[in-house]
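S.K.: Quick note, the sequences are listed as chains A and B, same order. Using numbering that gives the first Met the number 0, read the first sequence as starting at 0 and increasing by one per residue. Using numbering that gives the first Met the number 0, read the second sequence as starting at 0 and increasing by one per residue.
Hints listed in this document are in silico derivations from the structure and should not be mistaken for laboratory results. One or more of the hints may lead you astray.
[What the hints assert, rightly or not] If you want the ones that stay clear, here's a sample from chain A, every Cβ over 10 Å from chain B, calculated:
1. Pro36
2. Ser356
3. Glu421
4. Lys517
[Stated by the list, open to error] Straight-line alpha carbon distances no greater than 30 Å define the calculated DSBU-like cross-link-like pairs of lysine-lysine that follow:
5. A:Lys191 with B:Lys162
6. A:Lys220 with B:Lys47
7. A:Lys213 with B:Lys6
8. A:Lys299 with A:Lys351
9. A:Lys242 with B:Lys61
10. A:Lys220 with A:Lys86
11. B:Lys162 with A:Lys325
12. A:Lys126 with B:Lys47
13. A:Lys466 with B:Lys47
14. A:Lys325 with A:Lys299
15. A:Lys419 with B:Lys61
16. B:Lys162 with A:Lys278
[Stated by the list, open to error] Short, incomplete list of chain B residues facing chain A, as computed with Cβ under 7 Å:
17. Pro30
18. Gly31
19. Asn49
20. Lys52
21. Glu53
22. Trp84
23. Thr85
24. Leu95
25. Ile121
26. Ile154
27. Leu164
28. Met167
29. Val168
30. Gln261
31. Asn266
All residues carry an ideal CB built from backbone N, CA and C; glycine is no exception.
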Amino acid sequence: MTRVRFRTSTLRALIAGVAGVMSMLFTTAGGEAQDKPRYGGELVFVVPTEPASYDAHREGTFALVHPLAPVYSTLLRFDPTDRTGTKVIGDLAESWTVAKDGRTYTFKIRRGVKFHDGSDLTSKDVKASYDKIVNPPADVVSFRKGQYTAVEAIEAPDPSTVIFRLKWPAASMITALASPFNWIYKADILAKDMHWYETHVMGSGPFVFVEHVKGAYWAGKKNPSYWDKGKPYLDSYRALVVKDGNAQVAAVRAERAHIQFRGFTPAERDSIVQALGPKATVQESPWDCVLLVGMNHEKKPWDDKRARKALTLALDRYQGSQALSKIAVVKSVGGVQVPGTPFATPPEELEKLAGYSRDIAKSRAEARRLLKEAGVPDNFSFGLKNRNVPMPYEAVAIWLVDQWRQIGLQARHEFIESTKWEADLREGNYEVAVDTQCSYAVDPDLDLYKFQSMGISGNNYGRYVDKVLDDLYQKQSRALDAEERKKWVRDFERRLVDEEAHYFYTLQWHRIIPHSVKLRGWTVTPSHYLNNQLDTVWLSE
Amino acid sequence: MTRYIVKRLLLMIPTLLSVAVIIFFLMRIVPGDIVELRFAGESAYAQKENLDKERARLGLDKPIWTQFVTWMGGLLRLDFGTSMWTGAPISEEIRLRFALSLQLAIMATIVAILLAIPLGVIAALRQDTWVDYAVRIMSIAGLATPSFWLGIVFILGLLIIFKWLPPMVYTPFWVNPVQNLAQLIWPALAVGYRYSAVATRMTRSAMLEVLREDYIRTARAKGLWEKLILSRHALKNAMLPVLTVIALEFAFLIGGLVVTEQVFNLNGLGLLFVEAIGHRDYTLTQALVMLVAFVFIFVNFLVDLAYAWLDPRIRFR
Numbered sequence: 000m001t002r003v004r005f006r007t008s009t010l011r012a013l014i015a016g017v018a019g020v021m022s023m024l025f026t027t028a029g030g031e032a033q034d035k036p037r038y039g040g041e042l043v044f045v046v047p048t049e050p051a052s053y054d055a056h057r058e059g060t061f062a063l064v065h066p067l068a069p070v071y072s073t074l075l076r077f078d079p080t081d082r083t084g085t086k087v088i089g090d091l092a093e094s095w096t097v098a099k100d101g102r103t104y105t106f107k108i109r110r111g112v113k114f115h116d117g118s119d120l121t122s123k124d125v126k127a128s129y130d131k132i133v134n135p136p137a138d139v140v141s142f143r144k145g146q147y148t149a150v151e152a153i154e155a156p157d158p159s160t161v162i163f164r165l166k167w168p169a170a171s172m173i174t175a176l177a178s179p180f181n182w183i184y185k186a187d188i189l190a191k192d193m194h195w196y197e198t199h200v201m202g203s204g205p206f207v208f209v210e211h212v213k214g215a216y217w218a219g220k221k222n223p224s225y226w227d228k229g230k231p232y233l234d235s236y237r238a239l240v241v242k243d244g245n246a247q248v249a250a251v252r253a254e255r256a257h258i259q260f261r262g263f264t265p266a267e268r269d270s271i272v273q274a275l276g277p278k279a280t281v282q283e284s285p286w287d288c289v290l291l292v293g294m295n296h297e298k299k300p301w302d303d304k305r306a307r308k309a310l311t312l313a314l315d316r317y318q319g320s321q322a323l324s325k326i327a328v329v330k331s332v333g334g335v336q337v338p339g340t341p342f343a344t345p346p347e348e349l350e351k352l353a354g355y356s357r358d359i360a361k362s363r364a365e366a367r368r369l370l371k372e373a374g375v376p377d378n379f380s381f382g383l384k385n386r387n388v389p390m391p392y393e394a395v396a397i398w399l400v401d402q403w404r405q406i407g408l409q410a411r412h413e414f415i416e417s418t419k420w421e422a423d424l425r426e427g428n429y430e431v432a433v434d435t436q437c438s439y440a441v442d443p444d445l446d447l448y449k450f451q452s453m454g455i456s457g458n459n460y461g462r463y464v465d466k467v468l469d470d471l472y473q474k475q476s477r478a479l480d481a482e483e484r485k486k487w488v489r490d491f492e493r494r495l496v497d498e499e500a501h502y503f504y505t506l507q508w509h510r511i512i513p514h515s516v517k518l519r520g521w522t523v524t525p526s527h528y529l530n531n532q533l534d535t536v537w538l539s540e
Numbered sequence: 000m001t002r003y004i005v006k007r008l009l010l011m012i013p014t015l016l017s018v019a020v021i022i023f024f025l026m027r028i029v030p031g032d033i034v035e036l037r038f039a040g041e042s043a044y045a046q047k048e049n050l051d052k053e054r055a056r057l058g059l060d061k062p063i064w065t066q067f068v069t070w071m072g073g074l075l076r077l078d079f080g081t082s083m084w085t086g087a088p089i090s091e092e093i094r095l096r097f098a099l100s101l102q103l104a105i106m107a108t109i110v111a112i113l114l115a116i117p118l119g120v121i122a123a124l125r126q127d128t129w130v131d132y133a134v135r136i137m138s139i140a141g142l143a144t145p146s147f148w149l150g151i152v153f154i155l156g157l158l159i160i161f162k163w164l165p166p167m168v169y170t171p172f173w174v175n176p177v178q179n180l181a182q183l184i185w186p187a188l189a190v191g192y193r194y195s196a197v198a199t200r201m202t203r204s205a206m207l208e209v210l211r212e213d214y215i216r217t218a219r220a221k222g223l224w225e226k227l228i229l230s231r232h233a234l235k236n237a238m239l240p241v242l243t244v245i246a247l248e249f250a251f252l253i254g255g256l257v258v259t260e261q262v263f264n265l266n267g268l269g270l271l272f273v274e275a276i277g278h279r280d281y282t283l284t285q286a287l288v289m290l291v292a293f294v295f296i297f298v299n300f301l302v303d304l305a306y307a308w309l310d311p312r313i314r315f316r
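This is chain B alone, in the form it adopts within the complex (with noise of 0.2 Å):
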């Protein structure tokens, strides 16, 4: 077992040095300078003398390998360096919404998790009962529904019928649970619903397979307890594909709730993510898909872990 989580490991490092790489040189073709983009726009005085000045001060006035160079030299230290919009050090920008990403990332994965599984499990025990079909409509319709959109409606409902809008500003859950709640639990929900759309479907699907195995129909021979055979057998190995989903939604929900937090207010990952690219941030948007990249690759290592551990059989691979 430790050779496999060690090899897993090592498997990590060429794995982000790509991701690097390619975002290091997919940024510096994209049209577009943010030197321009601050201090040109709309000024009627725009300086050259200025874009200069910022060029040299942003390192951009240097040939691309040397700041690729030197780039690379503080992400082996991992030192991500500072914003070249604001200045101020990438890891600030990100502890200021990592917190917000993050509770909004394990909320959305509770409410999908409690509403997959029961929804799935009992879909699949009562196939083709209103059950099943009440189940498939729901998750279909979590399917076709954009998060935002949900939470576009959840806004407005609660802005007409209640005249009552969340909270506007971020407040830890240590600082004051209630006002937490309050403002995450609706983005949480809309975006838990979609995302227990996709799980409800896989639960489904994975337990209709699963109780057709031979061993749930020797257990079964076997006089076991129906709730056991479920928990025990059958659950267990339809959680496979199932923890699959759920880990990889989840690594998206850091970084990717693009449009949901702005239709929220939320000061998280994602509209950090989208200004930075619209900024030409180069430093921060390479922090930042560096940053997605890890979570993608941990949270992968993780489920590789799982299986370990819920399919003895691949540890031995």
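Extracted from the complex, chain A is given alone in its bound form (with noise of 0.2 Å):
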């Protein structure tokens, strides 16, 4: 009796394994065919945490963009379809031109879009909503101004005209516009009142605000008056707030939610796929966050290029994905740019950099005679400072400490409580350490304005000052054709992590969301942050 039992929930378990592959599998190859979009229901998701104000200007969190994009424009988008999420389309602006000098954007605005309160919403709106994100006043912040420094001038010549006036002409300025964050509020209230939207909601966008009990949930309903007719599609949403982590998994396990937009691990999809079955699908991306490995240019041996290139060219990145994309939110090795986007190195040429050859006897022989040559003994030991949450630091941290034995270097694995952590690394107060960077579009100046030197960047904790990569971090993004920016791009990160190896990459993050099936016209992108006005979402039943 027994024995059949076993066979039978072996059986079931199979089944369950092969229905969730085949969903993984279909999502893969037809998750973008999409049948006629279906009107009603309420959609309902996790987010993880919660903003400390409720204004996107200055915040810098996901869990602000989650629960509240619905309710909001933006002058530009990323295309909700595309999977690079570096397609950018017209949000409110319905078209634009740029000058040939590329130092002027004209823009085009809707006509007849309305403010959740039945205002209209015209080009002194999305000004006056720039003039606050690109200069504050004294008592503003503005998270994000640091990216407009482009920006001369905004004007407003008509209500249906917007004007940038650049500096200097700026490659990643249609990007810049398309920010998730940059909602355009009414001229009225900001005139009023500059702090309003840190306490209050009220956009244009396809759903209109309806609450946030704080700690608990964010509700909100489908705005009648949407300016793209037809849209959005479903009636309402919530958005829970549930900030463990098993806890997420059982809601999208137990149907309680369709979705979280973040992301899981590996074995957190396995477990909501397993229970699920047909009922769940997944979507996954290569992720635009990543971790590095940051080394205290102050501190020796790491002021030696040599010692610093050895790190690097001990990892075997090929083995380390596939071993650790198992247990770990980390797959693709990748240099400065998500593998597969428009300014990523390709695979061929990344294997010419140091740390990515896949002769990795080679790599490691060369790493020990830099070590040797910089005078750095056998068995040398060295604190690795890394932030105690465990997806995924912990287990890349542990695998670094085992690529590093390798050429004779004993990593002290120091995991540490985030805060100290973040301190420690902007002190100065470590060695070698982990570092992190996620950019909320895959984008060459926000991807590597990190990079450049102390005293222009204020997160570069590797405490070095290169003039050559400042200037070619300018170059690039000054570089109107595309062909020419690449170049300088492959430049910047053949100094940054072969030449100067002042920061290396270890292995791209992997964005995992499993869903329910219900959930129709969601793309995933290598960005967290991207995806969340969900007018093209709708739910199957």
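Got two chains here, each in a separate frame; can you build the complex from them with the hints?
M.R.: This is the structure:
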């Protein structure tokens, strides 16, 4: 009897597993093939954390974008059907032109767009919102102000035209204007109180804000006056605040929520797929987040580029990808851009950089030679400072410790509380550290800014000054021709991770989104900040 | 008795003031900075200008003594100010979570009392029989089982067997009692079981001690009805240490159920506490510490009053 039961349960598990794999394959192969959208229903999703305020201009967390992006419009947006998350389309902008010198951007604003209070949205509102972002008053914090240093003036000559005049050509300007954080606020409200949006919500997006019960949930309902007639498809949405990872998995497994938009681990994905079988589907993508290794250039032997280079040469990234992707949210081997995106270095070129060769024995021999040359003794011991966030920091750090042991280095893993880790990195109180970076879109300006010299970049924890690198950043940032820009990005990458080995990349994060098959019209991208307006999303039943 | 109560009330003031001073300076010693956490972090465009603006807005650019005097001034007016992280009034942040935490603490206490007192009394009365052994095993298992682990077992059991999960959003009891109980009964059972284990052992040992007292022997010798001896003479006296344990556990539950709240996704004070510390939200952490300290002191005060009622000798000392 016991044996029969065992067989039945094994069979059930097998069927569930096969169904899960089939649904994953189906998603990968034909996930984009959507049938006719259905109207109605409430989308329920999980948000793992909460923002400090409601003003996206002063916040940097996805925890604000996920529940409130559906309430707002932006000037431009990323195409919600583009898996690379790099194709920009208009949101409030119906069309736009760029002057030949690349210094004047003219946008035509859609007519008939209304705020949720019934007033018309015009170019005046776009200008007021961008003035707040680019040139905030003395007591107002603009989180991404530094991204708009090229902007000289913003003009609204008539209700349907906005002009951005730049001091110099900026290759990333269109991306910068599609930021999912640059919500368009009402000019009259901002004129009265620049802080109003920190505690209030009122936009012009596909959904109208209903309420936010702190620590519990956010709710929004369909905007019947949305400019894009026929959208949104959903009647409403509800974002449940669920902070514990296991509780998030349980919410999706028990079908209390359709999705969690940030991402799950491989084990969590498997648990959901096994439990829901054909009722679940999975979308995956390389993630524009990365764990970096930072070396404090003010501490010996890390002031010597030979020692730094040895650390990256020791890593067998291809083997690491295979092993770690089974247990952690990392997978692709990449350079300074997410693999498969427009400015990413092709694999064959990447393999020429230090630490990316397929011949790991040769790389490690070279690493040992460099360490010897730099006077680093055998069994040299150093601290690897890491934040106490298990996924994926812990797994990657353990892998690093093992890799370095193979060239005769002994790293002491210091797994410390996040806030202390952040403070230590900022103050230079470390030897080698696991560092991180996430961007809201795959874009060289966004992804490379951090690595400029200390003093320019506020997050350069390597504590180096490299004028050549700064110059390369400026060149790529101002190159309007895509091919020319690629060249500068490659030069920057080579100098950063190979020639000077200031910083180096471990593995690209991997975004895994298992969700209910009922959820349609949503496409995963490399950024967990994108595709949250929900205007294209619908429920099949 | 009035003098006793006034004396106890006055003793609360220096205790709370000491807690206030300690927590204020302790928070400043902890490494990390709320401003850097908010405006630097993973951002590629960390701006020193933003950090300075925010420090000035929060008053963190002022000397520590000025900050301390400002905070103490607010405290004396019972004004805890606003959360440095959210900017919302602290009273509102606490009010949102207090009802849930209080209800859960009350429910867990009821579960604990319902289990602990009958089991403890029975175990004492049937000392060294199989009943006593069963109760002892159950209470030792309760002590050895963390409530959050039991919570996870409940959740997985409900999920795997019944394909059901308790509601994830708190509904007040007066709005929808069924929804409310469906959410809170599971953590109350998980926490209450562990809580009952401590109280069961205490009840058993206190009862055993009291049952050997001379006055119980005298009562029996006088031929008093056994149930009366137990309820009026034995249990009342045995309740003194049990009451202390139950009261202190209750006070702990108000702000200490961090992991259980996480597991059951409960929007309570425990999680708020952890987040406030994680964010280095000085004002909110200080207010929460003061709240928990007050609850502890107040519950202790009530226990002292109950002692005086249960044992008249105490009030005359």
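S.K.: If a hint holds in the structure, say so; if it does not, say that too.
M.R.: Hints, verified against the model:
1. Pro36: About 28 Å separates Pro36 (chain A) from the closest Cβ of chain B, which puts it past 10 Å; holds.
2. Ser356: holds, 29 Å
3. Glu421: violated, 6 Å
4. Lys517: holds, 16 Å
5. A:Lys191 with B:Lys162: Violated - the C-alpha atoms of Lys162 (chain B) and Lys191 (chain A) are around 52 Å apart, more than 30 Å.
6. A:Lys220 with B:Lys47: violated, 39 Å
7. A:Lys213 with B:Lys6: Cα-Cα ~40 Å, so violated.
8. A:Lys299 with A:Lys351: Status holds; Cα separation ~27 Å.
9. A:Lys242 with B:Lys61: Given that 30 Å is the threshold and the Cα spacing comes to 34 Å, the pair is violated.
10. A:Lys220 with A:Lys86: holds, 28 Å
11. B:Lys162 with A:Lys325: holds, 27 Å
12. A:Lys126 with B:Lys47: Distance of about 25 Å is within 30 Å: holds.
13. A:Lys466 with B:Lys47: holds, 21 Å
14. A:Lys325 with A:Lys299: violated, 35 Å
15. A:Lys419 with B:Lys61: Cα-Cα ~23 Å, so holds.
16. B:Lys162 with A:Lys278: holds, 14 Å
17. Pro30: holds, 5 Å
18. Gly31: Given a least distance of 3 Å, the restraint on Gly31 (chain B) holds.
19. Asn49: Hint holds; Asn49 (chain B) Cβ to chain A Cβ min 5 Å, cut 7 Å.
20. Lys52: holds, 5 Å
21. Glu53: Interface hint status for Glu53 (chain B): holds (6 Å vs cutoff 7 Å).
22. Trp84: holds, 5 Å
23. Thr85: holds, 5 Å
24. Leu95: holds, 6 Å
25. Ile121: violated, 37 Å
26. Ile154: Since the shortest Cβ distance to chain A is 6 Å, the answer is holds.
27. Leu164: With a closest approach of 4 Å, the Leu164 (chain B) hint holds.
28. Met167: Holds - the Cβ of Met167 (chain B) comes within 7 Å of chain A, reaching about 5 Å at its closest.
29. Val168: holds, 5 Å
30. Gln261: holds, 4 Å
31. Asn266: holds, 4 Å
The structure does not agree with the numbered hints 3, 5, 6, 7, 9, 14 and 25 stated previously, though it agrees with the rest.
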